[in-house]
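Undergrad: Top to bottom, those sequences are chains A and B. For the first sequence, my numbering assigns the number 1 to the initial residue and increments by one for each residue that follows. For the second sequence, my numbering assigns the number 52 to the initial residue and increments by one for each residue that follows.
Everything labelled a hint here was simulated from the structure, so no lab data went into it. All values derive from a computational prediction rather than experimental measurement. No residue lacks a Cβ here, since even glycine has one placed at the ideal position from N, Cα and C. Misleading hints may appear alongside valid ones.
Stated by the list, open to error - Only some residues are given here: those of chain B computed to face chain A with a beta carbon under 10 angstroms:
1. Thr173
2. Ala189
3. Gly196
4. Phe310
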Amino acid sequence: MIDNFSLGLTHGLMLLAVWYLLKRPDLDREAGPRDDAAKPAKRQKWGRRDA
Amino acid sequence: MRDLVFVAFLGLFFAAGFRRPFVFVLAYVYIDIVSPQRLTYYLLNAVPISAMAVALAIGAWAAVDDKSDTRMAPRQGLLAILLLYCWYTTINADFPVDALSKWEWVWKALAFAIFLPLTLRTKLRIEALLLFMILSAASIIIVGGIKTLGSGGGYGQLNLMVDNNSGLYEGSTISMVAIAIIPIILWFTRFGTIFVPDWRVKAFGFALIFACLLIPIGTSTRTGLLCIGLLAILLLRDTKRRILYLSLMAAIGIAAVPFLPSAFTERMGTIKTYQADASASTRLAVWQWTIDYVKDHPLGGGFEAYRQNKIRYDKVRLEGAPDNAVVDTQLEVDSGRAYHSAYFEMLGEQGYFGLALWLVIQVAGLFRMEVLRRRYAKEAGEFAWVAPLAAALQNAHFVYLLGAAFIAIAFQPFVYMLIGAQIGLDTYVARRRSETVWTGFGKRRSGTAPAPA
């Protein structure tokens, strides 16, 4: 009973944490100080849809 | 029933790994700490889930993870040297078969500690690793805490779900780990971002800390009590209102005494009369044997070298009133006694060089965390979390090094994950620092002359 309560609580929290992690882009890549400058250049290259 | 729930849980865990490969690392951490295959009766026992998780973690890292900004810390090199050296002592061990069985899990712990920092590229990954270490340990600690409240426990009596007394399910080890993670739990109640610190996170965190404090009581381990004492002193450094903290600690300590189970108070009383206690006397005798042993075998005897020891020691007991006591000395003979200390474990098994290397790895961890604590102490913005995390990891490491004096846990995998997290934090902030410095030059160049680097 106690075992299952503890396992259920911690494993539930771990699943919830994994769920939150899946929605976080900064898990794999953080915006560095140089990234802001690099992004617009990329867009210009491919053009915009409404252009 | 429990088996099916575990299978479903692991299934979801692994499935998430295919979306975000770092989750495989977390899955391995979870499996290594909780050992779900030992909590179930069928299904999981048949599948090598630990090997699968580690293969997927390394495979995913090698295949898809960004490695452009990978940094190696000197401590990873030291761990690699230790790994090679342990392999050398294993093939030359006094007990080759027994040594090999310990080598089988030691090399994994060391290799994972070398690999782990390579994956810790973002702040969120460091946080996720620590969160899963804590929640995994919590699955054992909450059981122990509730059972201690219910029954009071006792040395070797607290049922922690698994009978075989290995890994974190061993009483002394879990009481050391439970105290060591308290500073990290406190960090999560302030700086967590996966579970944003609201009242629920704080309530869970403090309840978990309470359960952690109950573990040394439930397992009646003297080491755990010493660890609590050390942690109370260490936390003093980060406390702003020290007088309030000290009086609060004293009040809690005094208030807790009447509630402590008698099994615990009796055993703690033996800290002072250690000479009458076989467990403590054998330790001193084994340590003496180890010091003598390495004089003849400076490279150590390989894993499990203690099996050859034969020790004789006097058990001293005082009988009668304190001022008129009769000293009763009893000669005890024993053989094959374990080290009961990580320091002597390293000395006896890996010799002077192994112990020295191990100590350098430990002390370097304390030192690097001290550097980060000081460097980021005044940080208020984006890096405000760094100094408190470095402090928490350093305090956890101090608690481990005290516990290690009385438990043979030189290669405890949980601790090597902690060391991996330290290295990960260190390389992460070094990388971020270099990026910030780069933009700093750019800005300065357009304005005033650059300051000397």
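Undergrad: Please go over all the hints and tell whether each is borne out by the structure.
TA: These are the hints, each one checked on the structure:
1. Thr173: 5 angstroms, holds
2. Ala189: Ala189 (chain B) check passes; min Cβ-Cβ to chain A is 5 angstroms, inside 10 angstroms.
3. Gly196: 9 angstroms, holds
4. Phe310: With a minimum Cβ separation of about 19 angstroms from chain A (threshold 10 angstroms), the hint on Phe310 (chain B) is violated.
Going down the numbered hints, you'll see the structure goes against just number 4.
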